[in-house]
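J.: Using the sequences and the accompanying hints, generate a full structural model.
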Amino acid sequence: AYLTWLSDYGGESRSEEFIVRGYNGGPNGIEAEATEWYWTKYQKAKKTILSLEEESTSGAFTYYVVAGDTVGAIARAHNCGIADILAANPGLEPTLLQIGQTINIS
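By my numbering, the letter at position 82 of the sequence shown is numbered 282, and the numbering carries on one by one without gaps.
Hints are not guaranteed to be accurate.
Said to hold, decoys possible - Below, computed lysine to any residue pairings styled on SDA-like, alpha-carbon distance capped at 25 Å:
(1) K247 with E216
(2) K241 with A273
(3) K247 with S306
(4) K244 with A275
(5) K247 with T204
(6) K241 with C280
(7) K241 with R214
(8) K246 with I305
(9) K246 with V266
(10) K246 with L203
(11) K247 with G210
(12) K247 with E231
(13) K241 with S306
(14) K244 with N304
(15) K246 with W205
(16) K244 with I299
(17) K247 with G211
(18) K246 with V271
(19) K247 with A277
(20) K247 with T270
(21) K246 with I274
(22) K246 with F218
Everything labelled a hint here was simulated from the structure, so no lab data went into it.
T.: Right, here's the structure in full:
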């Protein structure tokens with residue numbers, strides 16, 4: 201819920217960087233120097249995740265949840281249905297996605 205709130209903070213659509221820094225800055229606010237480590241780590245992790253997805257040749261792969269993801273958005277991005285994702289991931293709670301969580305896409 202907090203990530204969703206940050207993504208639309210002040211009634212404006214916010215950038216990925218704003219969301220990551222805001223999440224890690226917590227209630228003390230976003231301070232560039234204090235949140236730089238989190239932003240850099242996030243960028244490296246995202247780059248690694250995207251490269252792993254590209255390496256998949258079987259059509260089935262593991263997706264790693266990033267800030268702002270929803271099951272619907274993941275399904276649209278990978279040309280599959282929400283039902284397909286739920287079927288490939290027994291026990292997945294669509295409203296409780298966590299950054300870094302793995303989801304099977306087939």
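J.: Take the hints in turn and mark each one as holding or not.
T.: Right, here's what the structure says about each hint:
1. K247 with E216: Holds, at roughly 14 Å.
2. K241 with A273: Distance ~23 Å between K241 and A273 Cα, so the pair holds.
3. K247 with S306: holds, 21 Å
4. K244 with A275: Between K244 and A275 the Cα gap is close to 24 Å, so the pair holds against 25 Å.
5. K247 with T204: holds, 22 Å
6. K241 with C280: Distance ~29 Å between K241 and C280 Cα, so the pair is violated.
7. K241 with R214: Status holds; Cα separation ~19 Å.
8. K246 with I305: Between K246 and I305 the Cα gap is close to 17 Å, so the pair holds against 25 Å.
9. K246 with V266: holds, 8 Å
10. K246 with L203: holds, 17 Å
11. K247 with G210: violated, 29 Å
12. K247 with E231: holds, 24 Å
13. K241 with S306: violated, 28 Å
14. K244 with N304: Satisfied, since the Cα-Cα distance of roughly 22 Å is no more than 25 Å.
15. K246 with W205: Measuring from Cα to Cα gives roughly 21 Å; hence the hint holds.
16. K244 with I299: Holds, at roughly 14 Å.
17. K247 with G211: Violated - the C-alpha atoms of G211 and K247 are around 29 Å apart, more than 25 Å.
18. K246 with V271: The given pair, whose Cα atoms are some 18 Å apart, holds under the 25 Å limit.
19. K247 with A277: holds, 17 Å
20. K247 with T270: holds, 19 Å
21. K246 with I274: holds, 15 Å
22. K246 with F218: holds, 15 Å
Hint violations for this structure: numbers 6, 11, 13 and 17, all remaining hints satisfied.
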